[in-house]
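Could you slot chain B onto chain A? The hints should help.
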Amino acid sequence: QKEVEQDPGPLSVPEGAIVSLNCTYSNSAFQYFMWYRQYSRKGPELLMYTYSSGNKEDGRFTAQVDKSSKYISLFIRDSQPSDSATYLCAMTLNTGFQKLVFGTGTRLLVSP
Amino acid sequence: DVKVTQSSRYLVKRTGEKVFLECVQDMDHENMFWYRQDPGLGLRLIYFSYDVKMKEKGDIPEGYSVSREKKERFSLILESASTNQTSMYLCASSLRTLGYEQYFGPGTRLTVT
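Here the protein sequences come in this chain order: A and B. According to this note's numbering, the residues represented by the first sequence are 53 to 164, in order. According to this note's numbering, the residues represented by the second sequence are 16 to 128, in order.
What the hints contain is simulated information worked out from the structure, not anything from laboratory work. Among the hints, erroneous ones may be present.
Calculated lysine to any residue pairs in the SDA-like style (CA-CA distance at most 20 Å, straight line) [what the hints assert, rightly or not]:
#1 A:Lys151 - B:Leu113
#2 A:Lys151 - B:Glu77
#3 A:Lys54 - A:Arg159
#4 A:Lys151 - B:Asp74
#5 A:Lys151 - B:Ser22
#6 A:Lys94 - B:Glu116
#7 A:Lys151 - B:Glu94
#8 A:Lys94 - B:Ser22
#9 B:Lys72 - A:Leu145
#10 A:Lys119 - A:Ser105
#11 A:Lys94 - B:Glu37
#12 A:Lys151 - B:Thr112
#13 A:Lys54 - B:Ser22
#14 B:Lys18 - A:Glu57
Chain B extracted, bound-state conformation:
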């Protein structure tokens, strides 16, 4: 059974802080993704990675960076958190050959005050 875990369910940070969101998957998936989910806007792709140390920008990469040092772990970094980054952050993973089947973690609700 595929499992994607995220380091925190709820997080409260102050404006200007550096924030790290961690994601780990246990099914040897090549692809990993970070999304944010906002009411009325749906899921928007921030970054994705198709291999260790590889990364690609998604639709809204501004203000974010990522790191993938190991195949099972994908980190999202908010360099200087701002209030407009308050959101639900979802991590997902998939096999390279089955890109339509993404497995999601439970999400991290980040509030920036």
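Isolated chain A (complex conformation):
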């Protein structure tokens, strides 16, 4: 069993839809939870991070962590074609720990 599980998609939605992307994990010691976005032929870039449980909002994006269920989510409101990318979840033990554990990524396609 992988340490972090993520549905590979692709997930296809019309413009304006609400998108929900999810990851489950097995290591209860993870404290920091990140979402990276990767456009085609580019490297990943950090979109959002959350410490421990709870929600964090940034514009159209909301990250949610449920440590009791070992489940994290990224919600995208009013999705745009420019949101079409692969979204990778990642986790680590603490801020100073060098290693991140990544999910395999979910490919999102937003059609106009």
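Just chain B now, with coordinates in the frame of chain A:
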């Protein structure tokens, strides 16, 4: 603005060749990483370095080595390339105190024939 650059976008090498992939970052980051990215397997850590001349094995170090002689530069070496090393190679860097925020280069698509 952080910039991580990689020496080549595309590379084609023959089996048995020694391959060098170079990565340079311009933000004085202590940590540097090499990953490979394959469909269905995601990002897998090959090696990382938290200081000059320091290196740590990641999850899949076999067949690879690294070199970090200067803080801004981290090299990945394939001693004898094999076809199963055909992949996308991504370099990243981060501050030691903000390990969750990694900055990635654009990647090198390596094909070994």
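20 Å Cα cutoff - pair A:Lys94, B:Ser22: Holds. A:Lys94 to B:Ser22 sits at ~14 Å (cutoff 20 Å).
Hinted pair, alpha-carbon criterion (20 Å max): A:Lys151, B:Glu77. Please report holds or violated. Answer holds: A:Lys151 to B:Glu77 is near 18 Å, not above 20 Å.
A:Lys151 and B:Ser22: Cα distance at most 20 Å? Distance of about 24 Å is beyond 20 Å: violated.
Taking 20 Å as the top limit, are the C-alpha atoms of A:Lys151 and B:Asp74 close enough? OK: A:Lys151 and B:Asp74 at ~10 Å, within 20 Å.
Does the structure keep A:Lys151 and B:Thr112 at a Cα separation of 20 Å or less? holds (12 Å)
Distance restraint between B:Lys72 and A:Leu145, which requires alpha-carbon spacing of 20 Å or less: It holds: about 18 Å lies between the C-alpha atoms, which stays within 20 Å.
So if I understand the rule, the pair passes when the alpha-carbon distance is 20 Å or less; does B:Lys18 with A:Glu57 pass? Measuring from Cα to Cα gives roughly 30 Å; hence the hint is violated.
Under the criterion that the straight-line Cα-Cα distance not exceed 20 Å, is the pair A:Lys151, B:Leu113 satisfied? holds (11 Å)
Satisfaction of hint between B:Ser22 and A:Lys54, Cα-Cα up to 20 Å: Violated: A:Lys54 and B:Ser22 sit about 32 Å apart, past 20 Å.
Given the proposed pairing of A:Lys94 with B:Glu37, does the C-alpha separation stay at or below 20 Å? holds (17 Å)
A:Lys54 and A:Arg159: Cα distance at most 20 Å? holds (19 Å)
Below or equal to 20 Å on CA atoms is what counts here, so check A:Lys94 against B:Glu116. holds (17 Å)
When each numbered hint is compared with the structure, violations occur for hints 5, 7, 13, 14.
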